[in-house]
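Engineer: Residue numbers (my numbering), protein chains in the order written: chain R, 1 to 235; chain D, 1 to 455; chain A, 1 to 344; chain F, 1 to 297.
If you're looking for bench data, these hints aren't it; they were derived computationally from the structure.
Don't take each hint at face value.
Okay, derived cross-link-like pairs now, DSSO-like style, lysine-lysine, Cα gap no bigger than 30 angstroms in a straight line [claimed, not checked]:
no., chain 1, residue 1, chain 2, residue 2
1, D, Lys444, D, Lys320
2, D, Lys367, D, Lys324
3, D, Lys326, A, Lys297
4, R, Lys52, F, Lys94
5, D, Lys320, D, Lys246
6, D, Lys341, D, Lys320
For the chain A half of the interface with chain D, some residues (derived, Cβ under 7 angstroms), not all of them [stated by the list, open to error]:
no., residue
7, Leu35
8, Ser38
9, Leu134
10, Ile136
11, Gly144
12, Ser145
13, Gly146
14, Phe149
15, Asn151
16, Phe152
17, Pro156
18, Ser157
19, Ser247
20, Gly248
21, Thr254
Even for Gly, the Cβ is constructed at its ideal location relative to N, Cα and C.
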Amino acid sequence: MIRVENLSVSYGAVTALRDVTFEAPTGKITTVIGANGAGKTTLLRTISGLVKPRQGSIRLGEFDLVGTATEDIARRGVAHVPEGRGVIEELTVEENLRLGALASKVDLAEGIARQFTQFPALESRRRNYAATLSGGERQMLAMARALIARPSVLLLDEPSLGLAPQVTADMMRTISELCTSEDLTVILVEQNAKSALRIAHDAVVLHIGRVAAFGTAGEVAADESLRRYYLGLVT
Amino acid sequence: MSRVRIRRAATLASASALTLGMLSAGLAVSAGAASTPGVTAHTVTIGATVPLSGIAAGYAEVSAATAAVFDYVNAHGGVNGRRIIYLRKDDCYNINALGCTAGVGNTPTLTQTQTLVTQDHVFAEVGSLGTAAQDSVIGYLNQNKVPDLFVSSGSSDWNRAQYPLLFGYQTSYQAEGKILARWILGHKKGAVVGVIGQGDDFGANGLAGLLAGGLSIASKDQLTYSPLDGVTGNFSDITQALTTLKGDNATVVVLDSIPPLTSYIMAAANKMSYSPQWVVSSVGSDPSSVNNPLLANAITLDPYPAANNRTNPWNIWLRKIITKDKNSRAWFPNFYSGAFKGQLDGNMVYGASEGVAFVEALHSLGKNVTRAGIVKAMMTTHFATPSLTPLSYSRTNHQGLQGGAIARIVPNSDPTQPPHFAALLGNAEYTTGDYSNSPIIVSKQKITPIPGYLK
Amino acid sequence: MVRSLSQRYPTSFRLVASVVLCALALAVTFVLTPLDDSKLAGGAAMSIVILGLSWLIGWSGQVSLGNAGFMAIGAYTTAIWANHHTTSPIIWSLFLSTVLGGVSGLVLALPATRLRGPYLAGMTLAFSFAVAPLAIDSRSLTGGSGGLFINFLNAPSWFANLFSGSDALVKANAQWPADVAIVVAAVAFFFMANLFRSRTGRALRLVRDNEVAAELVGVNLQRTRTLAFVISAAYAGLGGSMMTLLSGSVTPQTYGLTLSILLLTLMVLGGIGTLSGAVIGGLIYSYSDNIVSVVNKVTGVNPTSTFGANLKGIVFGVLLILTMMLAPRGLVGLGSYLRRLVRR
Amino acid sequence: MGTFLASRVMTDIFGGLATGAVVALIALSLVIIWQSTHVLNFAQGAMGMFATFVGMNLVFHGLNYWLCLVLSVVTGMVLGGVTERVLIRPLYGKPEINPIVVMIGFLGVIEAVIASIWTTNITMLPSPFSQIYYQSAGHTILVSPFIFYEVAVVAAVVIAIALLFRRTNLGLQMRAAALAPEVSRLLGVRVGRLLTLGWILSTGVGTLAAVVVSTGQVLAPTNMDGIFVSAFIAAAVGGLESPLGAIVAGLAIGLTEQFILDFWSTSIAPLSGVIVLVIGLSLRPQGLFTKHVSRRV
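Chain R extracted, bound-state conformation (with noise of 0.2 angstroms):
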């Protein structure tokens, strides 16, 4: 479970969060959602420690993880795929796998033969280099290596992008499943709303770095003005 209280963060003058306050339960998907710029990105970075926030705290379980450094949050079990998905293209499929295993406990082999499983249509490629991997396999990459150190958060920065609908509903399926399968608090930034809110249990709106709204996915959905002011979404 991830407690985000009263979060501001601040480009110098620019303030990109203010007060931003929601909770993401365990084994349930939270989906941020939002205009461009609304902020989104900045909140999973600033949860990941990328940014330092000026004021707030972001607990997971008891645990305040607001000065802590990138490295260490991973470490605690967040896991976090960056927008762009940031799979090493130099780097073969499975030293991108190897690499994600690392920094945990877990055992390699072991680690990598459950991600294939997941993932079969990496397997066929684990000593390509990620470079000629295709978006979706991209994407399917970069889940299987943050997934590989069994985290207990994952965090996904618009994992839809650039992706053909099709592949974008399979990964939204696959992410849905995991989260259930592995009890995994996910907290997904997206673009695509709609079906963002298709899988999410709950929903938060960033409007130009504050919350604007904050409810069960249902509810937001629903909701008429949301849907217009903040969303874009046409009925």
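Based on these hints, arrange chains D, A and F on the given structure of chain R.
Structural biologist: Same frame as chain R, but now just chains D, A and F:
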């Protein structure tokens, strides 16, 4: 905006006013009475730029011996009632690197010379050392009408009409080369001869002398090293030169090198099991400076009586001067400890000879010491110094010594230890005038007596 | 301050400013001792080179470690020319050296300006490393490792007649070269002040800050960078020429990597990309020995010990590091910082 | 005549490879630092020499050559780690000229410190292997046991480094930290430590090269200057990112220099680096072995 501009203009105007003010002040400051710089009723101040640290620090003994002579003379009432104040400025052989502690920039010799001339107002420079170093300042000294006497270098550069105030001291490299060539032709007939010279006038003049002496040296065997090798620690040109000479089966190799490089070259050759007959210029053959067992049996030229000769009156006198000096232990550390304890060496004899020669020239002036006078005295004095060949200058010859005796470095009784001295192989020989045309003359000079006022 | 002047005022104002500042500097030489005159002369020559480097690094963002090499070109050009034309006025030496410095800059710029950052630094490093061996090898032209010697600058009689007394000759001979160097430096600074304000200057800044934007507004990247490099090399050539005229000699070991590093140090200490920074750099060069002897006195280090002798290298190296880490705009930046503090 | 020329060429090839091997080693160490921290370490040669002075000077006090070698390398590693922490870390994200200038300043400091601590007499560091060239049938072949030692050391280090980077988890993490520091941190990789480790490794390699260069030579603070320039050029020609490129270019420079030395002029030899650089970068401005150019805007 416009107000700022006016204020700036006012600043500029006041600056101009200040300028004019300082200009007139500056002109007023520099008025004074005309007299001979460096000369007072009781003193004559002279100076020299010499290596006291850095790559050629081993030569520090040379000017120290000169200074010891002056100390001795001063202690005995000076020259015609004037004490000699001798300022030795460290110029690191004009190479500001490798242990140089002079603390002066890229042109150490020029900077130190400027200090001597403009700040210390020296009457003359006496015994400044190094070919390239002096080359860099003879123009400056000439421009400022400062006599530059007894330069410690055998380069032909000191013998030029446009420098009437400049006098060299050391055996001419060309004369030396010519005499060494005669020995090689007489004792190593038909041998392939190679030469490794310092890549400046020292090497070039030495080679010219060898060739003038009738030696034939294939152009591929005429090699040079850069004096900067010792600075950069990159001795690849020396390795390359030795490889070439070894490949050409050169059995005689002439070195025109300074002592640390003599030592290095011999060590490098030994490493590639190459052992030709070394013939080493007097510049780089002093056993205590080279300090290398490999120097044993090398042939060299000695312009002075053998340093181990304990009966030569000059050596006896010199030993007294060296040991009595108040700075003796600081100036001549080799004389007090180490393998060369208690021994005179070539550097001491050399430096002392310069000191003696200057005292003689100054003595001849009587009470009236002027720059024009000392320059004239240089050309008229019959110098009595320890050297084996005559020291005399004329209007057309400012070269200095022009010969010496062929000598062999005597191996140490323990061959793993450095040799201590050279043994003279015969009479001194010298050339006169133009080295290339004049024949080699065998010296008839007996030991010149020590002038009474020096005893 | 000088930079703000150059930016706000027209050429005529910069001309007046240059003349007045030059006159002021000339006036100072009258009151200095001959030894200080000689030091100041070296500083003036060096400030020209520093200015050229400052322009290259500060305005175009290209790092060069090769300016000592261009100095060598200028220095040798002057020596060779002066040896063959002993009576030719020094203006010719200065002119030829500047041009040849620029031309050699152009030759090196062709491959070099295509390179960026570390590549360029390395290329110029290699150049500066190769100059001394090349000079040693081209013996017939350069005099080998012994170098070349030329006549020292002689004070003309009208100038020498300004002085009297026993010291007159020495003073005139020391001050005349200093005054020549100051005038030459003033001209060089005047041109650079205008260059800073020119189209090229602005284009260069844009290229440094944002290549893409520069290309969009029609700046030819390659040509602009090359021009900056050539001008910097020409300034180095001029400075090198002046150095030869002042020292009466040129030797290969003077113009090695160490000098390139020294140039960079002086430029950074003074302040990158400014006229006053170059002046400060030149002054630091003039009085570096005095600075070190002050450090010697304060720390009690014996100047003739090996540590004392190397103190200069240590002091300037540490200063360079500290400046870059704490005050990357150098003394000029520190000055304007203090001014702002006072105003507040 | 033909056989004489052939033996001369063979000799040059051996000699060139020996020189080139050391150049390649320093080039490799530069690439390691460049890859990890995008800093071009201008003080690399001097740092190696400093460590060499610290360790190898003990040879003159009767210590074993090999023990001193280990001491030198360890000193170099410590120096590298401290340098990264103190001088380089505060400069991440600053303009690229800043670390260049700082390392140049550091170069000056180190050379001055070496010169001030150790008397700069001409002292030769003895070699544990003979430097006398082999003789065969009256002909000298310019190869000595020492040259074999030189080449063997370089080969061993290169293989060890290749294995480290290609086969070990630590190597994988170091590569990842260099390629994608932020992603690596998100995966729990302690990037800061690995960057320091990169410097430690690099100066260790650099020191080893400095020891090899100085063995059987005069120990001087500037021993590495020329070799550093060559190595820098090798790294640049190889593309700065590519260890293989650096090694190949390093060997090429060694060979070029040797042939120029033999067939042309000793003084021109320092130019061989420039020649290789101009040719190499004219052919491929982004480096011989670089696959793609990434340019930070």
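Engineer: Each of the hints needs a verdict: does it hold here or not?
Structural biologist: For each hint, the structure was consulted:
For the proposed pair Lys444/D and Lys320/D, the alpha carbon gap of about 27 angstroms is at most 30 angstroms, so the pair holds. Distance hint between Lys367/D and Lys324/D is fulfilled; the C-alpha atoms sit about 28 angstroms from each other, no more than 30 angstroms. Taking the CA atoms of Lys326/D and Lys297/A, the gap is near 27 angstroms; set against the 30 angstroms cutoff, the hint holds. A threshold of 30 angstroms between alpha carbons decides the hint, and for Lys52/R with Lys94/F the separation of about 19 angstroms falls inside it, so the pair holds.
Our distance criterion of 30 angstroms between C-alpha atoms is broken by Lys320/D and Lys246/D, whose separation comes to about 46 angstroms. Restraint check for Lys341/D and Lys320/D: the C-alpha separation of about 15 angstroms stays at or below 30 angstroms, so the hint holds. Of the supplied interface hints, the one on Leu35/A holds, with its beta-carbon coming within about 5 angstroms of a beta-carbon of chain D, less than 7 angstroms. Here the hint on Ser38/A is kept, as its CB sits about 5 angstroms from the closest CB of chain D, short of 7 angstroms.
The beta carbon of Leu134/A comes no nearer than 12 angstroms to any beta carbon in chain D, farther than 7 angstroms, and the hint placing it at the interface is violated. Checking Ile136/A against chain D by beta carbon gives a least distance of about 6 angstroms; that is within 7 angstroms, so the hint holds. Against a cut-off of 7 angstroms between C-beta atoms, the interface hint on Gly144/A holds, since the closest Cβ of chain D lies about 5 angstroms away. For the restraint placing Ser145/A at the interface with chain D, the shortest Cβ-Cβ distance is roughly 4 angstroms, inside the 7 angstroms limit, so the hint holds.
For Gly146/A, the suggested interface contact is upheld, since its CB lies about 3 angstroms from the closest CB of chain D, less than 7 angstroms. Given hint, Phe149/A at the interface with chain D, holds; its Cβ is 6 angstroms from that chain's nearest Cβ, closer than 7 angstroms. For Asn151/A, the shortest C-beta to C-beta distance to chain D is roughly 6 angstroms, which falls under 7 angstroms, so the interface hint holds. A hinted interface residue such as Phe152/A counts as satisfied when its beta carbon comes closer than 7 angstroms to some beta carbon of chain D; here the least separation is about 5 angstroms, so the hint holds.
Because the closest C-beta pair between Pro156/A and chain D is about 13 angstroms apart, greater than 7 angstroms, the hint is violated. Hint on Ser157/A is violated. Least Cβ distance to chain D is approximately 14 angstroms, over the 7 angstroms limit. Because the smallest distance between the Cβ of Ser247/A and any Cβ of chain D comes to about 5 angstroms, under 7 angstroms, the interface hint for this residue holds. The beta carbon of Gly248/A comes within 5 angstroms of a beta carbon in chain D, closer than 7 angstroms, and the hint placing it at the interface holds.
Taking 7 angstroms as the C-beta contact cut-off toward chain D, the hint placing Thr254/A at the interface holds, the least distance being around 5 angstroms.
Figure legend: structure checked against the earlier numbered hints; hints not met, in rising order: 5, 9, 17 and 18.
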